[in-house]
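2 protein chains.
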Amino acid sequence: MATPGAPAFGEDSLIARYFKPLATDAGAFGLSDDTAVLKALGEDIVVTTDALVEGVHFLADDPPDTIARKALRVNLSDLAAKGATPAGFVLSLALRKVDEAWLAAFARGLGADAADFNCPLLGGDTVSTPGPLMISITAFGRVPPNGMVRRSGARPGDHVVVSGTIGDAALGLDILKRGRVAAAFGGDAAARDLLISRYRVPQPRNALASAVRAHAHAAMDVSDGLAGDLAKLCRVSGVSAVIDLKSVPLSEAASIALAAGFVGMAEIISGGDDYEILCAIPQDALEDFAVAAQAAGVAVSPIGTFIAGDSPPKWLDVEGKELPLTRTSYSHF
Amino acid sequence: MATPGAPAFGEDSLIARYFKPLATDAGAFGLSDDTAVLKALGEDIVVTTDALVEGVHFLADDPPDTIARKALRVNLSDLAAKGATPAGFVLSLALRKVDEAWLAAFARGLGADAADFNCPLLGGDTVSTPGPLMISITAFGRVPPNGMVRRSGARPGDHVVVSGTIGDAALGLDILKRGRVAAAFGGDAAARDLLISRYRVPQPRNALASAVRAHAHAAMDVSDGLAGDLAKLCRVSGVSAVIDLKSVPLSEAASIALAAGFVGMAEIISGGDDYEILCAIPQDALEDFAVAAQAAGVAVSPIGTFIAGDSPPKWLDVEGKELPLTRTSYSHF
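Each protein sequence line maps, in turn, to chains C and X.
By full-length UniProt numbering, the letter at position 233 of the first sequence is numbered 233, and the numbering carries on one by one without gaps.
By full-length UniProt numbering, the letter at position 311 of the second sequence is numbered 311, and the numbering carries on one by one without gaps.
A couple of the hints might just be wrong.
All copies of an identical chain are treated as equivalent in the list; a pair is satisfied when it fits inside any one copy or across any two copies.
Stated by the list, open to error - Simulated pairs of lysine to any residue, SDA-like, Cα-Cα distance not exceeding 20 Å:
(1) 246 / 302
(2) 20 / 238
(3) 97 / 130
(4) 97 / 16
(5) 97 / 256
(6) 246 / 196
(7) 39 / 144
(8) 20 / 152
(9) 321 / 290
(10) 20 / 236
Treat the hints as calculated values from the structure; they're not laboratory data.
Predicted model, so just to flag it, every value in this text is computed and none were measured.
Produce the complete structure using the sequences and hints provided.
Written as structure tokens, this is what we have:
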């Protein structure tokens with residue numbers, strides 16, 4: 001029977017202990033209600049949802065705090081690419097069992113990122129499952145009315161620009177799975193750790209959101225592989241693109257793995273989990289965009305040009321030869 | 001490689017075929033973007049999220065269209081209880097395999113309800129899972145600024161009011177699991193079907209939302225069992241309640257099962273899956289609320305009174321004796 005004043009049921013008790021401290025927004029009502037309220041403040045609300053499944057999007061033995069942070073960050077990355085300022089999120093958590101140490105670490109990681117990215121927990125649902133752990137987050141952002149940056153606005157002549165570096169997360173996953181890449185970094189623990197952390201804890205480019213909103217004709221985040229995601233952006237925009245492979249920004253670790261032949265460019269640009277921003281920047285805005293990006297502390301690299309046409313993007317090497325791609329991105333089915 | 005103009009990947013192809021037709025709102029951009037836009041129109045956005053797991057919230061052999069409808073309706077029920085008008089939803093779908101016939105039926109059911117409740121699909125994420133099917137929906141509603149009806153406003157003297165009938169869904173589940181209740185309806189297929197449909201396809205009371213907003217001091221939907229949910233509402237409101245058991249509204253089928261001794265009142269009020277509205281209506285507003293409910297075509301029944309105090313609600317039989325409750329609601333953990 002319910003004890004007045006105290007959470008009476010297992011589920012409510014878990015929520016009160018681990019998640020209520022994260023519900024810092026007034027609209028969350030301390031998670032005491034069925035629903036949350038999101039004030040619009042005259043802006044448009046941008047909505048994104050991404051689900052992570054154990055064994056598919058993260059590994060069962062990944063640290064719980066990094067699982068939580070990845071679940072939130074993949075959504076924050078979508079908001080960043082759309083030029084939106086984070087406003088909050090709701091969490092659906094399907095657990096096989098209640099492991100309090102695991103939950104405490106999960107909530108700690110989630111809370112740290114919610115605070116760092118100013119994106120508080122607004123509500124959620126915790127359910128039991130006989131299957132793998134699953135986390136589904138729906139996140140909200142704000143943009144000025146009609147200010148969301150679409151996928152569909154790229155125009156011929158725009159620069160193809162990408163943030164950060166590409167391929168690191170896929171290399172990190174390969175290391176965790178003890179694949180070919182692991183051998184490339186036999187004695188170099190620092191490089192190994194960097195690549196693994198790029199897989200486990202994406203770095204969403206929310207600092208770049210206002211520059212994207214100010215300058216980009218189109219944008220999306222790179223989550224399923226740069227090659228496939230660029231093809232999607234081109235398709236929706238009704239354009240094509242030509243990319244200079246040597247301009248694709250690589251980390252030092254990725255460059256080493258590439259030079260040593262442990263990985264090819266095709267794998268780097270189709271590996272996925274990058275969570276960088278891919279955008280179309282008009283010729284005359286490139287300098288302003290670069291200045292704004294530098295002020296935001298995010299590296300950005302022009303890697304090619306959008307062109308008229310409806311053929312798939314071409315990826316050209318230094319000799320102008322096209323890189324053949326058999327698989328351009330990750331697909332679940 | 002991507003074929004221009006056509007969805008190139010399995011996942012995108014599934015989404016285009018089955019879910020794009022449901023994305024009728026301009027803010028969904030035909031599911032061609034990473035995110036959706038929700039216009040606030042000067043109102044507050046009410047956010048709710050509920051996840052359904054195969055084998056936990058529905059049965060593996062439930063018809064796919066009813067699984068979809070239940071997934072959306074449990075969220076619509078939350079919006080109704082908060083006085084909100086549906087605005088749209090996002091869907092996270094974790095599938096073990098792609099069964100096109102199943103998906104087509106699922107999308108058909110989802111689309112029918114999205115249209116009926118004026119709650120269009122805004123976006124989503126489709127992922128693969130090695131585990132049970134899981135559906136997580138986050139739904140949005142609109143209320144006038146600060147107009148959301150909270151759980152926390154019940155005051156001593158308010159009527160405890162509940163919509164529809166209680167206990168049917170739990171009886172329906174018992175029938176599906178070939179429990180005791182099935183025997184009560186040996187030859188009565190109509191009664192069996194009615195109870196099963198109450199489990200599989202909740203009837204969210206969105207028609208009652210404006211009356212709730214106009215008259216209720218507090219409200220929530222009854223999802224985990226009336227007894228436990230009333231205890232939660234009392235706790236958050238800082239009140240207690242006295243309920244007259246014989247006033248709890250029952251369907252004819254539930255009355256038969258009760259009279260025949262196949263189920264007790266304790267099970268009826270703690271069974272869960274009712275998706276009715278529980279609310280606190282001030283004494284002087286009861287008549288107006290009843291008139292508005294009748295106009296909306298939803299039955300409402302006063303079942304007791306909120307009182308001062310912090311003890312758990314008392315459920316009294318015709319002789320004034322308190323019904324002992326060992327378990328007041330469903331909890332996942």
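Now for the hints, and whether the structure bears them out:
1. 246 / 302: Classified as within; 11 Å inside a copy, 73 Å across copies.
2. 20 / 238: between (46 Å within a copy, 19 Å between copies)
3. 97 / 130: Close inside one copy (9 Å) and across copies (17 Å); limit 20 Å.
4. 97 / 16: within (17 Å within a copy, 36 Å between copies)
5. 97 / 256: Neither: 42 Å inside a copy, 38 Å across copies.
6. 246 / 196: neither (24 Å within a copy, 62 Å between copies)
7. 39 / 144: both (14 Å within a copy, 11 Å between copies)
8. 20 / 152: between (39 Å within a copy, 17 Å between copies)
9. 321 / 290: Close neither inside one copy (29 Å) nor across copies (76 Å); limit 20 Å.
10. 20 / 236: between (41 Å within a copy, 14 Å between copies)
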